[in-house]
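Asks: Sequence:
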Amino acid sequence: MFDTDRSGAIGLEELEAAMTNLGLEQTTDELNKIIDEVDQRGNHEIDFDEFCEVMRRLYEKKTSWNDVIQQCFSVFDRSENGSISKRDFQYVLREFGDITDSTIIEEIFNEVDIDGNGMIDADEFSYMVRNYMNDEDI
Numbered sequence: 001m002f003d004t005d006r007s008g009a010i011g012l013e014e015l016e017a018a019m020t021n022l023g024l025e026q027t028t029d030e031l032n033k034i035i036d037e038v039d040q041r042g043n044h045e046i047d048f049d050e051f052c053e054v055m056r057r058l059y060e061k062k063t064s065w066n067d068v069i070q071q072c073f074s075v076f077d078r079s080e081n082g083s084i085s086k087r088d089f090q091y092v093l094r095e096f097g098d099i100t101d102s103t104i105i106e107e108i109f110n111e112v113d114i115d116g117n118g119m120i121d122a123d124e125f126s127y128m129v130r131n132y133m134n135d136e137d138i
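Residues in the sequence shown are numbered consecutively from 1, following my numbering.
If you are wondering where the hints come from, they were derived from the structure by calculation, not from laboratory data.
As the structure is a prediction and not an experimental result, all values here were calculated from the model.
Think of the CB as a built atom: it goes at the ideal place given N, C-alpha and C, for glycine as much as any other residue.
Hints are not guaranteed to be accurate.
[As the list claims (entries may be wrong)] Label pairs and their calculated CB-CB ranges:
1. Arg-94 - Cys-52: 44 to 50 angstroms
2. Arg-94 - Arg-41: 53 to 59 angstroms
3. Cys-52 - Ser-126: 24 to 30 angstroms
4. Lys-61 - Arg-94: 29 to 35 angstroms
5. Leu-58 - Arg-94: 35 to 41 angstroms
6. Thr-28 - Glu-111: 28 to 34 angstroms
7. Tyr-127 - Ser-102: 21 to 27 angstroms
8. Gln-70 - Gly-8: 37 to 43 angstroms
9. Glu-25 - Asp-67: 17 to 23 angstroms
10. Ala-17 - Asn-131: 20 to 26 angstroms
Modelling step: build the complete structure from the supplied sequences, incorporating the hints.
Replies: Here is the structure:
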């Protein structure tokens, strides 16, 4: 399926295509690093067992992202009702983010509150984190 040239192993281009198809897009540098870490034969290609190791590592990375997002959401959800009010959002940004300008806080809140209902739910929060942060930010 991913071994398009039927060589019995997956090279960088095939791995990039596989990751894209699985919704786990990575940069070329990230994939090269992963290949170097799991490639036991040293031929810069990965066999099935090595591919499984790549998938395990990416799954762990994705899981840790989900955990981080959930923990961050809990900090903002001070009322613990499953959504973030504008008041809670302002409080957290002022206390922990050192953002004191009400206009900026309002703009950020309105951008994150995709459905415009005056509350930020877990999906909207997750969308914000995934689209505005990367691994180095966490």
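Asks: Indicate, hint by hint, whether the structure satisfies it.
Replies: The hints, checked one at a time:
Checking the proposed 44 to 50 angstroms range against Arg-94 and Cys-52 shows it holds: the Cβ atoms sit about 46 angstroms from each other. At roughly 54 angstroms, the beta carbons of Arg-94 and Arg-41 sit within the given window of 53 to 59 angstroms. About 27 angstroms separates the C-beta atoms of Cys-52 and Ser-126, a value consistent with the hinted range of 24 to 30 angstroms. Hint check: Lys-61 to Arg-94, Cβ distance near 32 angstroms, so the stated range 29 to 35 angstroms holds.
Checked against the hint of 35 to 41 angstroms, the pair Leu-58 and Arg-94 passes, with Cβ atoms roughly 36 angstroms apart. One distance hint, 28 to 34 angstroms for the beta-carbon pair Thr-28 and Glu-111, holds here, with the actual separation near 31 angstroms. Roughly 23 angstroms separates the CB atoms of Tyr-127 and Ser-102, a value that falls within the hinted 21 to 27 angstroms. Between Gln-70 and Gly-8 the C-beta distance comes to about 40 angstroms, which sits within the given range of 37 to 43 angstroms.
Checked against the hint of 17 to 23 angstroms, the pair Glu-25 and Asp-67 passes, with Cβ atoms roughly 21 angstroms apart. Distance hint for Ala-17 and Asn-131: a CB-CB separation of about 23 angstroms, consistent with the stated range 20 to 26 angstroms.
The structure fails none of the hints (numbered hints given earlier).
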